[in-house]
Amino acid sequence: MPLYHDDDQAMLADTASQFMAEEGAIAKQLRHWRDRECKDGFGHALWKQMAEMGFTGILVPEADGGLGMGHVEAGIVLEEIGRNLTPSPFLTSSVVAATALGQANDDLRGRWLPGLIAGDSVFAVAIDEGAKHRPERIATRAEKSGNGFKLSGRKDFVVQGASADMIVVAARTSGTEDDADGVTLFAVPKDAAGLDHNAVRLVDSSMASHLTLDGVELDGDAVIGEVDGGREILNRMLDAGRVGAAAEGVGVARGAMDMTVDYLKQRKQFGKLIGEFQALQHRAAHLYSEVEIARAATIKAQQLLDAGAENASLMASVAKAKVGKAAGLAVKEGVQMHGGIGMTDEYDIGLYMKRDRALAEFMGDVHYHAGRVAELSGY
Amino acid sequence: MSDLDSFRAETRAWLEANCPPEMREPVQGEEDVYWGGRKATFKSDAQKAWFEACRDKGYTVPAWPREYGGAGLSPPEAKILREEMARINARPPLSSFGIWMLGPALLKFGTEEQKRKYLNEIARGEIRWCQGYSEPGSGSDLVSLQTFGEDKGDHWIVNGQKIWTSYADKADWIFCLVRTDKSNKYQGITFMLFDMESPGVSTKPIKLISGNSPFCETFFDDVKVPKDQYVGEINRGWDVAKYLLGHEREMISGADNSERGAGIGAMLKRQTGELDPVLRAELALFDVDALAFSAMAEKFLDEVKVGKAHPAQPNMMKYAGTELNKRRHELMMAAGGSAALEWDSEESRGGSAARSWLRTKANSIEGGTSEVMLNVIAKRILELPGA
Ligand SMILES: Cc1cc2nc3c(=O)[nH]c(=O)nc-3n(C[C@H](O)[C@H](O)[C@H](O)COP(=O)(O)OP(=O)(O)OC[C@H]3O[C@@H](n4cnc5c(N)ncnc54)[C@H](O)[C@@H]3O)c2cc1C
Ligand SMILES: Cc1cc2nc3c(=O)[nH]c(=O)nc-3n(C[C@H](O)[C@H](O)[C@H](O)COP(=O)(O)OP(=O)(O)OC[C@H]3O[C@@H](n4cnc5c(N)ncnc54)[C@H](O)[C@@H]3O)c2cc1C
Numbered sequence: 167m168p169l170y171h172d173d174d175q176a177m178l179a180d181t182a183s184q185f186m187a188e189e190g191a192i193a194k195q196l197r198h199w200r201d202r203e204c205k206d207g208f209g210h211a212l213w214k215q216m217a218e219m220g221f222t223g224i225l226v227p228e229a230d231g232g233l234g235m236g237h238v239e240a241g242i243v244l245e246e247i248g249r250n251l252t253p254s255p256f257l258t259s260s261v262v263a264a265t266a267l268g269q270a271n272d273d274l275r276g277r278w279l280p281g282l283i284a285g286d287s288v289f290a291v292a293i294d295e296g297a298k299h300r301p302e303r304i305a306t307r308a309e310k311s312g313n314g315f316k317l318s319g320r321k322d323f324v325v326q327g328a329s330a331d332m333i334v335v336a337a338r339t340s341g342t343e344d345d346a347d348g349v350t351l352f353a354v355p356k357d358a359a360g361l362d363h364n365a366v367r368l369v370d371s372s373m374a375s376h377l378t379l380d381g382v383e384l385d386g387d388a389v390i391g392e393v394d395g396g397r398e399i400l401n402r403m404l405d406a407g408r409v410g411a412a413a414e415g416v417g418v419a420r421g422a423m424d425m426t427v428d429y430l431k432q433r434k435q436f437g438k439l440i441g442e443f444q445a446l447q448h449r450a451a452h453l454y455s456e457v458e459i460a461r462a463a464t465i466k467a468q469q470l471l472d473a474g475a476e477n478a479s480l481m482a483s484v485a486k487a488k489v490g491k492a493a494g495l496a497v498k499e500g501v502q503m504h505g506g507i508g509m510t511d512e513y514d515i516g517l518y519m520k521r522d523r524a525l526a527e528f529m530g531d532v533h534y535h536a537g538r539v540a541e542l543s544g545y
Numbered sequence: 013m014s015d016l017d018s019f020r021a022e023t024r025a026w027l028e029a030n031c032p033p034e035m036r037e038p039v040q041g042e043e044d045v046y047w048g049g050r051k052a053t054f055k056s057d058a059q060k061a062w063f064e065a066c067r068d069k070g071y072t073v074p075a076w077p078r079e080y081g082g083a084g085l086s087p088p089e090a091k092i093l094r095e096e097m098a099r100i101n102a103r104p105p106l107s108s109f110g111i112w113m114l115g116p117a118l119l120k121f122g123t124e125e126q127k128r129k130y131l132n133e134i135a136r137g138e139i140r141w142c143q144g145y146s147e148p149g150s151g152s153d154l155v156s157l158q159t160f161g162e163d164k165g166d167h168w169i170v171n172g173q174k175i176w177t178s179y180a181d182k183a184d185w186i187f188c189l190v191r192t193d194k195s196n197k198y199q200g201i202t203f204m205l206f207d208m209e210s211p212g213v214s215t216k217p218i219k220l221i222s223g224n225s226p227f228c229e230t231f232f233d234d235v236k237v238p239k240d241q242y243v244g245e246i247n248r249g250w251d252v253a254k255y256l257l258g259h260e261r262e263m264i265s266g267a268d269n270s271e272r273g274a275g276i277g278a279m280l281k282r283q284t285g286e287l288d289p290v291l292r293a294e295l296a297l298f299d300v301d302a303l304a305f306s307a308m309a310e311k312f313l314d315e316v317k318v319g320k321a322h323p324a325q326p327n328m329m330k331y332a333g334t335e336l337n338k339r340r341h342e343l344m345m346a347a348g349g350s351a352a353l354e355w356d357s358e359e360s361r362g363g364s365a366a367r368s369w370l371r372t373k374a375n376s377i378e379g380g381t382s383e384v385m386l387n388v389i390a391k392r393i394l395e396l397p398g399a
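Going down the list, the protein sequences come from chains R and W. With the numbering used here, you'll find the first sequence wraps up at 545, consecutive numbering, no jumps. With the numbering used here, you'll find the second sequence wraps up at 399, consecutive numbering, no jumps.
One chain only, chain W, in its complex shape:
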């Protein structure tokens, strides 16, 4: 038996022993997701047990080095773990912007000290992070951001407003883009980290069309940020920001979820009985696209590992993956009929079909809009001319 075969066997046995049956059911709503952090509570004993088992094994971040809280798995091992978890439908033990976004940026740009401190906290689910990029006047044109950090020697005094800050009211710390030099657009931004409990930070929730309010306006009023709490170089935060956006886009595209069943036709047939012939045809064409995309996601991850992917490829994945996900939910609403319209009944699990459908409309906005993705593909991959 090769090393990888025995790793697969061990992994399968470990999952069998450690993943409770309740954690092998599809996530039904927000409360089924564990985000960690200082204010976190577990929904059930099973959720707690599953999280703790993974945390102790390094499986909240399997591919990170052991000294930073990971399991130090090689890429093929990490793929096997993903496959084995998908096979039993295991829920992610911990969801976190720290894992998807900040972690990769720290691994690349952080100092050894920062890595030891922050990565371990992320891996152990101790600190929940939020992302302070967007501002009311700076969305797609992010680099025009105005939040300003004034140099006060050993600290900055930060003033400004962020918007669309997901889970700002639930987060412990924020990774934040702050202008530290007004004379240089791209090279005047610093990537700062600070505690959301710092005096002068306040948040105000925003209600979404789904009826939920997962994000906030975030205000900084003379917030004091110590000078050692930045990543990369001062005024060169844009490099870190862009790198992180690449990971954010990958995550939103669903590329990391490639092993999960992509087709929905069979599932909807089971749920609703006979399918209208025109709907069946649309589902079939959707399943073609979805199964093809899942091959693309696998190819993309394989190529990323060996450095074969074009650096702008995550933009393509983000574009295609999010447009597909929106189409998926349109079809699920169509197949669900009037049952999918229910907004708050118990039967509809609090209107989860309708709310999820509405939520997916953000997929092609958050983390950069589809139009912006197409701009990047046109310029960086196809090298079409123009600003």
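Same shape as in the complex, but just chain R:
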């Protein structure tokens, strides 16, 4: 498959880009909700609009009422989300949780997917237990209780956790913390007794929660997939999240870069446009190269994932790490090249820097994924 968008995908990109630039724009969404200290960190009306556009169900199979598309298409929407810093539950709900639900039984699908597709429901995923992403380690326990389970433990960095109607929780039904086996995934409804959120606002004004599960009782039918056999689904969720976050990061990088290059063409100092100074030209050109390469790695990973290729997971980590590097560079150079104005809240470039930092941690940072590349390559 050639590494560019085919005609249908290019059309989707046009639609998504126009929609997000109009409806998802920084002033209309991010600043609007931030300045009101919105407890969700995003607007439900926009989520509903995204449903009307068909975006919410992109990765949901047609049989379940979705569009049955792939990670390339989800990535197209995510890149525009990134470019406009649009706060939305798309990545956690439509990409990561939808990937988990794709492996769930009919009852769970029937219960949760219609709400997602309609833009009425929001989902979160609770994997990490600590400040850094370490999905290899799951300590949260799920004990058998009656015909169901009782969950106990703590989860961190549950993005939009407190706003979510359902949280996909990875817990341990057997074995010890570091075992690969013995993990089970649960669809935990928001009103389950014993669920407690300490919701905190992050640097990018998104909301995440420290989740406490204190003997949360669930029916057996809340299990996604097989008991003790959740690791494989978890890995799929992680890969979906990695390429998804990479795609959004490409958007953040491009948004920051475009703003900066524009600024270089407008700002005059020493009687010249600052874009005429070779010291800045070379850095901008280097940045462009890095962003283009990160984007290529992301499209490659999306295609491999859609094809179910053997090396898809390796490439997902390559993409997440490469985007982490490139987007990090884009926002740092962006703020620096804007000079003093780049430090002001009024100017958007700083918002890109904040979003990049949060996205860098989501699903693992550059170092985590570089380490994973080494491991998967056998060293």
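No lab work stands behind these hints: they were computed from the structure. Be careful, since some hints might not be right.
Result set (DSS-like, lysine-lysine): computed pairs, CA atoms no more than 27 Å apart in a straight line [what the hints assert, rightly or not]:
no.	chain 1	residue 1	chain 2	residue 2
1	W	Lys320	R	Lys431
2	R	Lys434	W	Lys320
3	R	Lys498	W	Lys391
Across the chosen pairs, the derived CB separations fall in these ranges [to be verified]:
no.	chain 1	residue 1	chain 2	residue 2	range
4	R	Ala473	W	Ser178	38 to 48 Å
5	W	Glu42	R	Gly474	20 to 30 Å
6	W	Lys69	R	Ala473	28 to 38 Å
7	R	Gln184	W	Pro77	49 to 59 Å
8	R	Glu512	W	Arg392	51 to 61 Å
9	W	Lys320	R	Gln184	43 to 53 Å
10	W	Lys317	R	Gly474	38 to 48 Å
11	R	Asp357	W	Lys320	43 to 53 Å
12	R	Ala191	W	Glu79	53 to 63 Å
13	W	Ala346	R	Asp286	55 to 65 Å
14	R	Gly236	W	Val39	49 to 59 Å
Far from chain W, by Cβ distances over 10 Å, these chain R residues were calculated [to be verified]:
no.	residue
15	Glu189
16	Glu228
17	Asp273
18	Lys488
Beta carbons: idealized from backbone N, C-alpha and C, even for Gly.
Knowing the structure of chain R, use the given hints to seat chain W with the ligands on it.
For chain W with the ligands alone, coordinates are given in the frame of chain R:
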């Protein structure tokens, strides 16, 4: 089975039958590369057999039309052949500036007669070409070149000096930029072709930091060049030169090599046993960049085929690809430790690690420096202001 599937199956079978096992080993040194030309000799029977099989099939230049010595493969077929060759690690049957640089320029700017003659010679490895662009005073600022061709009616008399002419002493012919009008900087250069055995041509090798001397100073002293030996239009050679540079940059960037394993961490671990943890971390970050670049190379080639790539994109590929290759060799030296320092022992294959490392320093100089690539990206792609 689709046409492409059956093409893949046929190709695989053909390679199985025709590519000798010795030609499926990584290239170890200069002598493993076959460059063709009047003075060429084969290093081994396997090298000869592999070259001849490819030549007869048109696989020295698979995508060129059949009438010019190619196999006339469509872009997807050419990609399959590349993939299948990479799969078995097949060496290129023929390396040549004719294939990488002059050929594409002739395909675009040459007359039908020129194409039939020169392209077939290139495809069959009969004539080895060298590139006469740089001069002592004209490197990055190539268009300031001074070598002059005086109009003598049916021929030019060329005088001047070129420098850094790779393999000038081994080449049969040269494609050369010559000023034919001193009053116009850009539109006063003609793209000429001539035989290196013409009277008045002389070469003097230059030794490199790697200890090898693959290139020369080249002198033209009243060299007579017939008036029909130019490409494109007279005084419009700059157009041809720039087009050719695009291909040269692509080639140097390693974009055409995208299917080859990009990561080196695993290879170095196998060679050296345990890796120091800090080195392992650097290798991992390098492999991220290298695997990402190899996706970029694939994307770039896909986009070039359908005309989606920005015309200045080869400059980006050249910049990123060559900086990456230099980093690769720095890491290989670091992993190799003192063994990589050996300069002439048999064990070190004549110091190949150290010599290759030194050679790669030229990657960001030859074919236009990294700084010049960044200038081009800034101006042509980002459209930043200024001269
Ligand atoms: C937190 C903060 C506190 C400050 N406090 C004070 C204060 O108390 N009093 C005060 O007077 N000022 C203060 N300043 C202003 C500060 O001195 C200026 O921001 C600084 O001099 C840069 O000028 P500028 O913001 O106009 O950026 P610009 O000059 O517009 O620069 C924009 C970008 O272009 C680059 N650039 C500009 N010229 C060239 C060139 N010739 N070659 C290469 N690159 C170039 C710059 O490096 C920068 O990256 C403060 C700034 C900040 C951020
Ligand atoms: C191994 C090798 C093989 C080669 N083979 C050939 C060949 O076969 N045929 C041929 O014709 N040539 C060949 N070359 C020559 C090559 O194309 C030139 O070396 C190259 O174009 C740079 O020119 P220069 O060496 O004169 O450096 P200069 O142009 O003098 O550059 C010196 C330094 O200044 C920097 N610089 C120059 N201009 C600018 C600018 N505007 N902005 C910022 N920085 C700038 C450069 O980046 C470089 O770092 C070869 C070179 C090498 C190293």
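Outcome of the hint check:
At most 27 Å may separate the alpha-carbon atoms for a hinted pair to count; Lys320 of chain W and Lys431 of chain R meet this at roughly 26 Å. Proximity of Lys434 of chain R to Lys320 of chain W is assessed by CA-CA distance (about 34 Å); at most 27 Å being required, the pair is judged violated. Between Lys498 of chain R and Lys391 of chain W, the direct Cα distance comes to roughly 22 Å. Compliance with the 27 Å bound is thereby established for this hinted pair. Evaluation of the 38 to 48 Å hint for Ala473 of chain R and Ser178 of chain W yields a pass: the beta carbon distance comes to about 41 Å.
At about 43 Å, the beta-carbon gap between Glu42 of chain W and Gly474 of chain R misses the expected band of 20 to 30 Å. A beta carbon spacing of about 31 Å between Lys69 of chain W and Ala473 of chain R agrees with the range 28 to 38 Å that was offered as a hint. Between Gln184 of chain R and Pro77 of chain W the beta carbon distance is about 43 Å. The supplied range of 49 to 59 Å is therefore violated. Separated by about 33 Å at the C-beta atoms, Glu512 of chain R and Arg392 of chain W break the suggested range of 51 to 61 Å.
Against the hinted window of 43 to 53 Å, the Cβ-Cβ separation of Lys320 of chain W and Gln184 of chain R comes to about 21 Å, which falls outside the hint. Range check, Lys317 of chain W to Gly474 of chain R: about 26 Å between beta-carbon atoms, so the 38 to 48 Å window is missed. One distance hint, 43 to 53 Å for the beta-carbon pair Asp357 of chain R and Lys320 of chain W, holds here, with the actual separation near 50 Å. At roughly 56 Å, the beta carbons of Ala191 of chain R and Glu79 of chain W sit within the given window of 53 to 63 Å.
Between Ala346 of chain W and Asp286 of chain R the Cβ separation comes to about 56 Å, which falls inside the hinted range of 55 to 65 Å. Between Gly236 of chain R and Val39 of chain W the CB atoms are about 39 Å apart, so this pair departs from the stated range of 49 to 59 Å. With a least CB separation of 28 Å from chain W, Glu189 of chain R remains clear of the 10 Å interface cut-off, as annotated. Its beta-carbon lying about 26 Å from the closest one in chain W, Glu228 of chain R satisfies the requirement of being farther than 10 Å from that chain.
No beta-carbon of chain W comes within 10 Å of the beta-carbon of Asp273 of chain R; the shortest separation is about 40 Å. With a least beta-carbon separation of about 4 Å from chain W, Lys488 of chain R fails to lie farther than 10 Å from that chain, contradicting its non-interface assignment.
This entry does not satisfy hints 2, 5, 7, 8, 9, 10, 14, 18, going by the numbered hints stated previously.
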